[in-house]
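What follows is each chain in one-letter form.
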Amino acid sequence: MSTAPPLLLALDFTGTFAFALNGALTAVRAARLDIVGVVTLGMITALGGGIMRDVLIGAVPPTAFQQWPYLALAGGGGLVAFALSQWLDRLETPINVLDAVGLSTFAVIGASTALEAGLDVTPAILLGGVTAVGGGTIRDTLVRRVPSVLQSDLYAIPALIGAAVTVVTIRAGIYGVWAALAAVGVCFVIRMLGVHFGLQAPVPPAHRDGNA
Amino acid sequence: MSTAPPLLLALDFTGTFAFALNGALTAVRAARLDIVGVVTLGMITALGGGIMRDVLIGAVPPTAFQQWPYLALAGGGGLVAFALSQWLDRLETPINVLDAVGLSTFAVIGASTALEAGLDVTPAILLGGVTAVGGGTIRDTLVRRVPSVLQSDLYAIPALIGAAVTVVTIRAGIYGVWAALAAVGVCFVIRMLGVHFGLQAPVPPAHRDGNA
Amino acid sequence: MSTAPPLLLALDFTGTFAFALNGALTAVRAARLDIVGVVTLGMITALGGGIMRDVLIGAVPPTAFQQWPYLALAGGGGLVAFALSQWLDRLETPINVLDAVGLSTFAVIGASTALEAGLDVTPAILLGGVTAVGGGTIRDTLVRRVPSVLQSDLYAIPALIGAAVTVVTIRAGIYGVWAALAAVGVCFVIRMLGVHFGLQAPVPPAHRDGNA
Chain A
1 MSTAPPLLLA LDFTGTFAFA LNGALTAVRA ARLDIVGVVT LGMITALGGG
51 IMRDVLIGAV PPTAFQQWPY LALAGGGGLV AFALSQWLDR LETPINVLDA
101 VGLSTFAVIG ASTALEAGLD VTPAILLGGV TAVGGGTIRD TLVRRVPSVL
151 QSDLYAIPAL IGAAVTVVTI RAGIYGVWAA LAAVGVCFVI RMLGVHFGLQ
201 APVPPAHRDG NA
Chain B
1 MSTAPPLLLA LDFTGTFAFA LNGALTAVRA ARLDIVGVVT LGMITALGGG
51 IMRDVLIGAV PPTAFQQWPY LALAGGGGLV AFALSQWLDR LETPINVLDA
101 VGLSTFAVIG ASTALEAGLD VTPAILLGGV TAVGGGTIRD TLVRRVPSVL
151 QSDLYAIPAL IGAAVTVVTI RAGIYGVWAA LAAVGVCFVI RMLGVHFGLQ
201 APVPPAHRDG NA
Chain C
1 MSTAPPLLLA LDFTGTFAFA LNGALTAVRA ARLDIVGVVT LGMITALGGG
51 IMRDVLIGAV PPTAFQQWPY LALAGGGGLV AFALSQWLDR LETPINVLDA
101 VGLSTFAVIG ASTALEAGLD VTPAILLGGV TAVGGGTIRD TLVRRVPSVL
151 QSDLYAIPAL IGAAVTVVTI RAGIYGVWAA LAAVGVCFVI RMLGVHFGLQ
201 APVPPAHRDG NA
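Residue numbers (UniProt numbering), protein chains in the order written: chain A, 1 to 212; chain B, 1 to 212; chain C, 1 to 212.
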């Protein structure tokens, strides 16, 4: 997003690096991978959601292929994870915080990009969510895990709320740097509260009673 | 398809809801999911095939994001499955019938849309098949099942036959509401005969002899 | 690529058939599939990487749907694998050689296509790699295997090197039939050396020491 304000762009770059780092570490834990696998899965985690959004709104080639910092940060995050995976495993908390920054920023930028591309309110919110969780979903599928976003934790829900705040403020004509940061902040706070208190989304009734 | 005749559109909406319901129920049985997972997989089952087709023919944003009834019916089907999964498990036969309606309608509309977009006969038939089975394939992959369409039952074959009837009648200049309904009917009947008699597509020779 | 020189086109067709054959055989070994599954996975292996590239650069409908030899060769390879899977299992070496021809040609054509579409050097090299390994990655995921390209052997690395030679010679203004064949040859030789000597890409440090 070359037109995004500097602070939002800085958050977007931070999120890209954090997603690549965290995505590659998760992949290393879940499957036996070589350097190609670790770096690829880091890059897919960081860039996959935005690429899915860009393909779906017809903005191809995707931003990730047109602005070099995204590829560089995603590849760099994957390489750092490859080299330092043992050491980084001890940094769970700061990595979780940076990952929440990425989740929040991707949801906000994804939703505003989709709305600018002419999508209606509901699809734009959904594409904000896709931008935020799409990369991790592809990664989990490639290492044969049911995507964690479908199973546990509050991960998609804060992203959808952040995307909704974005879309509502744009439609209300009050979107700008501050509204964007507020939307990022809302998603970030809900996500961190979810991590801290171990909040879970509801499961189907059948699973509530027994141990299905 | 805002230009589709009302009866075909009604079948398309019915199929969308049925695919979401059935897709979400299948997902609930295969993996431990929360509400985000159940509704997401219902929506992916209902909309994924059409989105794949639209991306492949360059018709983006996909129809599913441009005409609200599709998102509403898909999300609604997923929510109903979430709330009533225990009760719906007893309704296997009517859900199978509605699912076959969706399979048939998606194959016919998918093939005609692809042909209108300028594709040749064979790719248009294949994209009819992709429209019909693509969403369920993504769902199965996400819950770590080998897609059932690749393994058993007559599911892709009736869809391809329905798509072929569609394409042939369009090329013969006799396509219209009645030809479309005939193509839907052909696919539907073959699918239901397959369900009723437990018909299977051929397996590779090695598997015929032993229990590989 | 109707504009590719005849020799490169012949290699591309050979690779398409070989990928379909090898992809379908791999799928038969990994999962119990019917004829729909075997042929579909052969076609996805052969065409999936090129389709991903075309979608990402906005060249839709993809080449695979616009030039009939690709669909015919991919479908034919899948059908041959279905009929002769037991017998073909004995032909591992020639199939590996033909597969390396496909890997090399797909990487070179993929990178040059991406560069012509206006992508920069690094994304064009990556898309050459995606063209070469994308189809096999989708196939592995559908039959519930962690994609082998992420885990073992030199497979993506020779493809990326072939793509890099392609991009560098195009940018240097010396690309043509001979440069393309040289790039194909570089990838092919590295791949075959890797197969012959059992070369592996590096794994993360944690895996070097123990048996994680």
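Just to be clear, a hint being listed does not mean it is correct.
What follows is a list of derived Cβ distance ranges for each label pair [what the hints assert, rightly or not]:
(1) 197/B x 202/C: 51 to 61 Å
(2) 69/B x 122/C: 38 to 48 Å
(3) 10/C x 6/B: 23 to 33 Å
Calculated directly from the structure, the hints in this document are not laboratory data.
If you're wondering where the values come from, they're calculated on a predicted model, not measured in any experiment.
The C-beta atom is built at its ideal place from N, Cα and C for all residues, glycine as well.
Broken hints, numbered, in rising order?
-> 3
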